[in-house]
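> Sequence:
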Amino acid sequence: MSEITVVYPTSANPPTWGHADIMYRAAVKFDKIYWVAACNPHKVLDFSVEQRLRMMQAYVDYYQLKNVIVDSYSGTIVRYALDKNASFLLRGLRNTSDFQAELELASGNRGISKDIETICFFAKPHFATISSRLIRELARLGEKIDQYVLPTLTSEIRTTLNKETKGSSS
Numbered sequence: 011m012s013e014i015t016v017v018y019p020t021s022a023n024p025p026t027w028g029h030a031d032i033m034y035r036a037a038v039k040f041d042k043i044y045w046v047a048a049c050n051p052h053k054v055l056d057f058s059v060e061q062r063l064r065m066m067q068a069y070v071d072y073y074q075l076k077n078v079i080v081d082s083y084s085g086t087i088v089r090y091a092l093d094k095n096a097s098f099l100l101r102g103l104r105n106t107s108d109f110q111a112e113l114e115l116a117s118g119n120r121g122i123s124k125d126i127e128t129i130c131f132f133a134k135p136h137f138a139t140i141s142s143r144l145i146r147e148l149a150r151l152g153e154k155i156d157q158y159v160l161p162t163l164t165s166e167i168r169t170t171l172n173k174e175t176k177g178s179s180s
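Going by my numbering, the first residue of the sequence shown is number 11, and it counts up by one from there.
Hints should not be assumed to be uniformly reliable.
The list that follows gives simulated cross-link-like pairs (lysine to aspartate or glutamate, EDC-like), each with its CA atoms no further than 20 Å apart [claimed, not checked]: (1) 39 with 71; (2) 124 with 93; (3) 94 with 127; (4) 53 with 93.
It should be emphasised that the hints constitute simulated quantities derived from the structure, not laboratory data.
Take the sequences, apply the hints, and build the full model.
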């Protein structure tokens, strides 16, 4: 049987326990996972590609996963998946809004290549309300975020967001 490779693109701005849970669940089901920090030129990101990759790798290390490769990509994720000989794009769904957005993306992706299927993993109930946006907002307000992200990342998240806030208020 051939190796099954999956590409899991996320903005990971910052990566959360919700992202990590989807990545972990895929890693125990499939042979190889590319967890990709997507670089969307139309999306303003608070964290650099390097920061996002470092934080994503921290989750991979936490779970001690040998079959997950952290990477970044700017371009059509289907092209990336084809370059990596992946069979699937993996997406996480928290709610019906996510479903609608992913349905539209999957349709567009199939227009690029019918060789790449989109599969979805549902968020576990306790992760369904976690979003990177929520974490950024809580961190900017000085609230606790340890329950939403790997605790070793909270300092970097706060430092980055505080620099951004100070820079924009001058």
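> What's the verdict on residue 53 and residue 93, does the C-alpha distance respect the 20 Å limit or exceed it?
Answer violated: residue 53 to residue 93 is near 24 Å, above 20 Å.
> Does the structure keep residue 94 and residue 127 at a Cα separation of 20 Å or less?
Within the cut-off at roughly 14 Å; holds.
> Given the hinted pair residue 124 and residue 93, is their Cα-Cα distance within 20 Å?
Answer holds: residue 124 to residue 93 is near 14 Å, not above 20 Å.
> Residue 39 and residue 71: Cα distance at most 20 Å?
holds, 18 Å
This entry does not satisfy hint 4, going by the numbered hints stated previously; all others are met.
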